[in-house]
Amino acid sequence: MLCRDRLLTEQTYPTLLRTPGRYGFPNARILPGSASDYITEAVHPGWVLVVTLDDGLVYFGPGPASVVRSPAPF
Numbered sequence: 001m002l003c004r005d006r007l008l009t010e011q012t013y014p015t016l017l018r019t020p021g022r023y024g025f026p027n028a029r030i031l032p033g034s035a036s037d038y039i040t041e042a043v044h045p046g047w048v049l050v051v052t053l054d055d056g057l058v059y060f061g062p063g064p065a066s067v068v069r070s071p072a073p074f
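The sequence shown begins at 1 in UniProt numbering and counts up one residue at a time.
In short, the hints are calculated from the structure, not lab data. Mixed in with the good hints, there may be bad ones.
[What the hints assert, rightly or not] Label pairs and their in silico Cβ distance ranges:
#, residue 1, residue 2, range
1, 53, 28, 17 to 23 Å
2, 61, 35, 17 to 23 Å
3, 56, 21, 21 to 27 Å
4, 46, 12, 32 to 38 Å
5, 44, 12, 34 to 40 Å
6, 72, 46, 25 to 31 Å
7, 54, 23, 30 to 36 Å
8, 53, 74, 21 to 27 Å
9, 37, 61, 18 to 24 Å
We put the beta carbon where it would ideally sit given N, CA and C, even for glycine.
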């Protein structure tokens, strides 16, 4: 959430995990840290694995999936 007393900084643009959703609307989940803290790998055709640099499982499921910086602050 934006605050009047705080300038826009890198932290106001959260990291998002984008995955396929239903009816053509993708899902987006806020992740801690920056996008460079995550590894995305295609493990099987159509299946994606997203892990942290410390090998913590974040997502395993149908792709495409991506970890990106939010284009808008919130």
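Does the hinted range 25 to 31 Å hold for residue 72 and residue 46 at CB? holds (29 Å)
With 21 to 27 Å as the target window, see if residue 56 and residue 21 comply at their CB atoms. holds (23 Å)
Could you tell me whether the CB distance from residue 53 to residue 28 stays inside 17 to 23 Å? holds (21 Å)
Note whether the CB distance of residue 46 and residue 12 lies within 32 to 38 Å or breaks it. holds (34 Å)
Indicate whether the distance between the beta carbons of residue 44 and residue 12 respects the range 34 to 40 Å. At 36 Å between Cβs, range holds.
Taking 30 to 36 Å as the stated bounds, is the beta-carbon spacing between residue 54 and residue 23 within them? Because 35 Å falls inside the window, the suggested range holds.
Check the following: the C-beta atoms of residue 53 and residue 74 are separated by a distance inside 21 to 27 Å. holds (25 Å)
Quick check on a hinted range of 17 to 23 Å for residue 61 and residue 35, using CB atoms only. Taking Cβ atoms as reference, residue 61 and residue 35 lie about 19 Å apart, which means the hint holds.
For the hint 18 to 24 Å, verify it against the beta carbon of residue 37 and that of residue 61. holds (20 Å)
Violation of the numbered hints given earlier is absent; every hint is satisfied by the structure.
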